[in-house]
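Start from the sequences, fold in the hints, and give me the full structure.
Chains A and B are the protein sequences, given in the same order.
Position one of the first sequence corresponds to residue 1 (my numbering), numbered consecutively onward.
Position one of the second sequence corresponds to residue 1 (my numbering), numbered consecutively onward.
These are computed hints drawn from the structure, not numbers from a lab.
Just so you know, these numbers come straight off a predicted model, no measurement behind them.
Certain hints may be false.
Note that identical chains are pooled: a pair holds if it fits in a single copy or bridges any two copies.
To be verified - In silico EDC-like cross-links for lysine to aspartate or glutamate, where the CA-CA straight-line distance does not exceed 20 Å:
1) Lys468 - Glu496
2) Lys471 - Glu496
3) Lys363 - Asp312
4) Lys363 - Asp317
5) Lys363 - Asp228
6) Lys471 - Asp499
7) Lys183 - Glu204
Number of protein chains: 2
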Amino acid sequence: MDYILGIDIGTTATKGILYDENAQVEGQASKSYPLIQDQNGKAVEDPEVIFSAVQDVIFKLSQNGSKNIKAISWSAQMHSLIGLDKNKQLLTNSITWADNRSQKVVQEAKNSNLADQVYSQTGMPPHAMAPIYKLMWLKNEHPQLFEQANYWIGIKEYVVYRLTNKLMTDTTMAAGTGLFNLKTQQWDSDMLEKAEIKKKQLPEVAAPTMIVGNVLPYYAQKLGLQTDTKVILGASDGYSSTIGVNVLNNENFAINVGTSAAIRVIAPYLIKDAYKRVFCYPVDHTHYLVGGPINNGGIVLQWAKNALLGSDATFEDYLTLAAVASVGSKGLLFYPYLGGERAPIWNSEASGSFVGLTRQHQKAELARAVIEGLILNMKMAAEGLLDNVGKPRCLKLTGGFTKSNFICQLIADIFNLPTVKVKQKQSGAFAAMFLARQALGKSETLNDIKDFAGDEKIYFPNEINALKYQKIFTLYKQIEHDLEKNYHALARLKNELSDSIQ
Amino acid sequence: MDYILGIDIGTTATKGILYDENAQVEGQASKSYPLIQDQNGKAVEDPEVIFSAVQDVIFKLSQNGSKNIKAISWSAQMHSLIGLDKNKQLLTNSITWADNRSQKVVQEAKNSNLADQVYSQTGMPPHAMAPIYKLMWLKNEHPQLFEQANYWIGIKEYVVYRLTNKLMTDTTMAAGTGLFNLKTQQWDSDMLEKAEIKKKQLPEVAAPTMIVGNVLPYYAQKLGLQTDTKVILGASDGYSSTIGVNVLNNENFAINVGTSAAIRVIAPYLIKDAYKRVFCYPVDHTHYLVGGPINNGGIVLQWAKNALLGSDATFEDYLTLAAVASVGSKGLLFYPYLGGERAPIWNSEASGSFVGLTRQHQKAELARAVIEGLILNMKMAAEGLLDNVGKPRCLKLTGGFTKSNFICQLIADIFNLPTVKVKQKQSGAFAAMFLARQALGKSETLNDIKDFAGDEKIYFPNEINALKYQKIFTLYKQIEHDLEKNYHALARLKNELSDSIQ
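Structural data, given as structure tokens:
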């Protein structure tokens, strides 16, 4: 039997899944690595450490020599930036999406018309995660390094390069750079000029189903692969976790809640949101990935569990406690912006709040309000989609949050939409595998993904609760608006306090 | 030796202290009673239960037959309202300061010019605690009861009446009704008209040092008193806990933090604050008690301990944890309005908030932010005083908060003022005793109270921390202003959610 390896290069770990030719899972492996955050705003990773993790995962899954692995394909974190010298040797770490150091550049871009232009030509909202702003920041802060760099790529491109010797990227990854034109679907010459780089410094762009080539003989032998194992170009995790839940058009919304979260849809036309609430990344000329990336997902639940119950408590404990409180947590509202926020408010200085506290609020209400706040914030992010592509038939849900029936039901109630927990838990790796199936000719069109991506359970909204959450949602947005004015001053205060501590 | 019994009739308990003629404590007793809150906004007490608690306390402290108790004197909760029929029998419970049911009447008074008039003529800020608004509410909601009532008094008047058969009140208690004219220091005929009552329905007013008379023989025998034990009129707890810490003028501010809190000063002239932030209650024609009563004191710490650590934890545990966090709790702000608020924001619909949360904030920061928030709110309340009487030399501190050196130091740092913990823990009962000393001719003037009211410890502000708290305070006020707009909508949401639960 033939096998395909789908690999998801995430921010904290690389996960690989070995699928047989019927898309059945044959094996799983993962390897985690550190996000280096040794100074304020910095969030980088060592590309060598990640490439080594990728090799670990491949080696573990190819161990059984009888496995005939036909292809390796990818789903990867977006927006990373790596500089290579003229010999394609590493000059920098991988500056991840979580790195905020180009914040000042973004602020300037907002004050000039640059941010508008970037959004309008590339679909990239004004945010420090975008490589275009990181390049400008590097040019200002590290001009010598900037000059030395002959090539600018991301982490998936680095891994693919190491395995094949080819510098290539796919449309869905290129789309997340702020340098790729929405309409022409080529590198945008205006943007290259702004970033002061040349087209030849960037990888060649192709479709996610592109076969890059055979894995290099050295790695084939080292990792226990066949000499004709193909490396497929693969896609961004944003795209793959959307098609991986069988969201191929604008009929349904895909929601993924892991450490962070995202809400996405595939639109048949390009979208420019008047308020820049959503990104719009081209896939091809009739498919655009539109959505909102949300910083504050499961990572906030982790925080709340530790802060309210202590690190010894389990998530089970936390959810059991939260379920004790009533719908709406007795009017307690929680804003989850513990790590700034991208969609829906696009404010890296945002911080979190509990608002509406009374003596009636005990630990159970605090715990439930956190979960409700996370979902209300996702609903705010969904409004940018709703306004542009209309109301979906249902939500397709993946990620850690799906482990809890309580949370799935809350999502259905708060969104007031049927919410489907899908079978595929690792939609990114699953979609990567499917892209390889297409590349190898084992599946004809993307629509065939539905044969493998099934639904596990549907949660219908409870009418009475949905009505309550509608009232809460209106007030939730209004109060966020009032809090928003103070995020900058709060961030400055925190800096002043922490400076004086050191 | 002669003895004097100082009795403090509080909201949750009556405490008595037996003093010898040198003001040394000879014995203490207390008896608690329930605040009946069986419906939204209601907070009443049974006058008979309180009178019975007062008798318990007297009986316990007079047990030793050798004690020659010369006088009993009072410090009592303000703003309570009790209706008596023509035979001076109880028609109502005691509607306490915590009862919010006349809120709607207050709102109407704010919309018309009545609230201005009440404040201007009586010094009573617009709040549901004021008997004038309670009378209007009763007239609307319970017209029959209102008609039946021949007398309107408060809880101290009821206790004194039961012990002496005389219906009398003192200036400092009358001042808290909203019916007592600031200038004439007589019942205000305009206000009586507004409340639709007659002067003869109210008790006669005299000075706190007035000897009402001997205790009735029945109670003298029952409670183990002498037949010539005098009942002194006494004063409001607001006044007595101010003079009880030797704050007799506007040189120092008195801060008391128990379940609730208050900041007070004695001004030599009457004060009308442009923003109605402070009450101004006459004592006599050269002394006015000016200050802000604050709902959210120790009761919020109790809540935070239970909500964050659980009801098994002690305050020691809580304070130890809070002390781990750094000055300013890493920029986390807490607004303590868990039970609405009187001074400084005078908004009974206010609710609490944590603002500025990041993942750096763990339980220790939450715990410290609560204490800092309580004190920052007191500082906001103090601004109403500062603007009218100038900066004090120091703060004189009493109440439960003084048990913690950590909290005392925080008060000094946040106020940026020397803060004196006074020796007298029960400043109310102590002042009541002193008023009796004056009545009996054992002390000549109020100034002699300094002979007994000493300082225990002085906390000087830490300059560096004070500077940080000044920055925090500016932002703290600004954000409160933005939150304030939403208190009404939040209160309405809570009502809607709780209605639908029932």
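Taking the hints in turn, this is what the structure says about them:
no.: 1; hint: Lys468 - Glu496; in the structure: between (41 Å within a copy, 9 Å between copies)
no.: 2; hint: Lys471 - Glu496; in the structure: between (38 Å within a copy, 9 Å between copies)
no.: 3; hint: Lys363 - Asp312; in the structure: both (16 Å within a copy, 14 Å between copies)
no.: 4; hint: Lys363 - Asp317; in the structure: both (12 Å within a copy, 17 Å between copies)
no.: 5; hint: Lys363 - Asp228; in the structure: neither (58 Å within a copy, 55 Å between copies)
no.: 6; hint: Lys471 - Asp499; in the structure: between (42 Å within a copy, 14 Å between copies)
no.: 7; hint: Lys183 - Glu204; in the structure: within (17 Å within a copy, 87 Å between copies)
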